[in-house]
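J.: In case you want the letters, here they are:
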Amino acid sequence: MKNQHREGEKKAANIIVQMGIFAVVLFVSQIISSMFPKSLVVPTPLIGMALLYILLELKIVKLEQVERFGDFMIGLIAFLFVPSGVQLAAHLNIMRQEGLQDVIVIIISTIILLVVIAYTGALVMKIHHKITNSQPDQQPKEVIDHDKHNLV
Amino acid sequence: MTSTILSNLTLPFTGILISLVAYMIGMWLSKKSNGFFLFNPLLVGMLLGIFTLMIWGKLTHMDTAAVYTKYYLPGGNLIFWFLNPATVAFAIPIYRVSKVFKKYWFDIIVICFVGGFISLALIQLVCKAFGLSTASTASMLPQAATTAVAMPIAAGVHGVPAITAMACILNAVVIYALSGILIKYLGLRKISPVATGLGLGSAGHTVGSVKALQIGKVQGAMAGVSVLIISLAMDILVPLYAHLFM
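So the protein lines, in turn, are chains A and B.
For the first sequence, UniProt numbering begins at 1 and goes up steadily by one.
For the second sequence, UniProt numbering begins at 1 and goes up steadily by one.
The reader is advised that the hints may include incorrect statements.
To be verified - If you want the ones that stay clear, here's a sample from chain B, every Cβ over 10 Å from chain A, calculated: (1) Thr2; (2) Ser3; (3) Thr10; (4) Phe13; (5) Thr14; (6) Gly15; (7) Lys32; (8) Ser33; (9) Phe36; (10) Thr60; (11) His61; (12) Phe82; (13) Phe90.
Said to hold, decoys possible - List time: in silico BS3-like cross-link candidates among lysine-lysine, alpha-carbon distance up to 25 Å: (14) Lys59(A) to Lys11(A); (15) Lys99(B) to Lys62(A); (16) Lys31(B) to Lys130(A); (17) Lys62(A) to Lys217(B); (18) Lys70(B) to Lys126(A); (19) Lys102(B) to Lys184(B); (20) Lys126(A) to Lys190(B); (21) Lys126(A) to Lys32(B); (22) Lys103(B) to Lys62(A); (23) Lys102(B) to Lys130(A); (24) Lys59(A) to Lys130(A); (25) Lys58(B) to Lys32(B); (26) Lys103(B) to Lys11(A); (27) Lys59(A) to Lys103(B); (28) Lys99(B) to Lys126(A); (29) Lys184(B) to Lys126(A); (30) Lys103(B) to Lys32(B); (31) Lys59(A) to Lys184(B); (32) Lys99(B) to Lys59(A); (33) Lys217(B) to Lys184(B); (34) Lys130(A) to Lys103(B); (35) Lys102(B) to Lys126(A).
It is worth saying that the hints were derived from the structure and are not from the lab.
Backbone N, C-alpha and C fix where the C-beta goes; we use that ideal spot for every residue, glycine too.
Assemble the whole structure, with the sequences as input and the hints as a guide.
T.: Below is the structure:
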């Protein structure tokens, strides 16, 4: 596996080609996105993400043809969010009225998301393992007993 | 002479420069404070950027919103555009863990849709409890999706995308600050690794993925996968939910 990875990196496609692949994916995604009705907005990057995954899965696009540019972009992502945050400067009146409530609601919402998704997940996975009668991955036995306790 | 210089300020360079300098100060503060959670580069960058525009408005007797639109937005839009390829690039880490993804794809979809729906109901309840306006409530709903996806969803249900963006940024800050305590007291090490990963990824976005990776490989992989699936779930659920219950 590691060797394959190394080989792949050696043959990494030219950065212009990599950018070209992203450009094509985005272009097609934009067209698909514009075909959805106004009541169901499907953002272009969401379609692009799914599209690129399918292309990789079908081996139409190889990992080494997108890897270098993709990893570079993901490395930049925190910086790329700065303008979205600064956008608040245009809405300072809302922040003055209910900024504090907004922040408190966001903090609570974050914890809600973590708890609800994680525990819904635990329940669904438990049902999955019961139906297929398989053992969950990476779980020592005593821990599973504990898990039962937590849920019921 | 002064007017020529001033007219240059409306070019994209201004917004790019403000963003870069603000973010770099954030990076420096984060390094100096050994990663103190409030000195996260993105949060500092965002607050310093807003602060700069406020001072600018005060000095030139302009409204902050007007300064933002005239001087910051041209550069801000350029940076913002690159979120498109960056979000698409998340397909790569998902493809790298496609083995786990293929094994549990059905469970993952069920978890994100069912869990997502329950979360939406609870978040709306909290918004009501704190007396938020309808626009703010609508902006809070899509926050589990990744920012570049959550903002257009918020706009679609008459929310304020700027508030949604702030929510997504603060999600990451909260998870960065509290994940240690939360993982311990919620017993997240003891439940299914798939569930833990999805929860951390949905609540904390990329920061959640990093934290999940610290617990284990499966958790990290699942947190990466959740970027795509929870965004998809939010894209379908939020308009539906807003239509039915708001």
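J.: Hint by hint, note whether the structure agrees.
T.: Hint check results:
no. : hint                   : verdict
1   : Thr2                   : holds (25 Å)
2   : Ser3                   : holds (25 Å)
3   : Thr10                  : holds (16 Å)
4   : Phe13                  : holds (14 Å)
5   : Thr14                  : holds (12 Å)
6   : Gly15                  : violated (7 Å)
7   : Lys32                  : holds (18 Å)
8   : Ser33                  : holds (17 Å)
9   : Phe36                  : holds (16 Å)
10  : Thr60                  : holds (14 Å)
11  : His61                  : holds (16 Å)
12  : Phe82                  : violated (5 Å)
13  : Phe90                  : violated (5 Å)
14  : Lys59(A) to Lys11(A)   : holds (16 Å)
15  : Lys99(B) to Lys62(A)   : holds (16 Å)
16  : Lys31(B) to Lys130(A)  : violated (47 Å)
17  : Lys62(A) to Lys217(B)  : holds (23 Å)
18  : Lys70(B) to Lys126(A)  : violated (55 Å)
19  : Lys102(B) to Lys184(B) : violated (29 Å)
20  : Lys126(A) to Lys190(B) : holds (13 Å)
21  : Lys126(A) to Lys32(B)  : violated (44 Å)
22  : Lys103(B) to Lys62(A)  : holds (22 Å)
23  : Lys102(B) to Lys130(A) : holds (19 Å)
24  : Lys59(A) to Lys130(A)  : violated (34 Å)
25  : Lys58(B) to Lys32(B)   : violated (31 Å)
26  : Lys103(B) to Lys11(A)  : violated (30 Å)
27  : Lys59(A) to Lys103(B)  : holds (19 Å)
28  : Lys99(B) to Lys126(A)  : holds (20 Å)
29  : Lys184(B) to Lys126(A) : holds (21 Å)
30  : Lys103(B) to Lys32(B)  : violated (43 Å)
31  : Lys59(A) to Lys184(B)  : violated (41 Å)
32  : Lys99(B) to Lys59(A)   : holds (15 Å)
33  : Lys217(B) to Lys184(B) : holds (18 Å)
34  : Lys130(A) to Lys103(B) : holds (16 Å)
35  : Lys102(B) to Lys126(A) : holds (18 Å)
Checked against the numbered hints given earlier, the structure breaks hints 6, 12, 13, 16, 18, 19, 21, 24, 25, 26, 30, 31 and satisfies all the rest.
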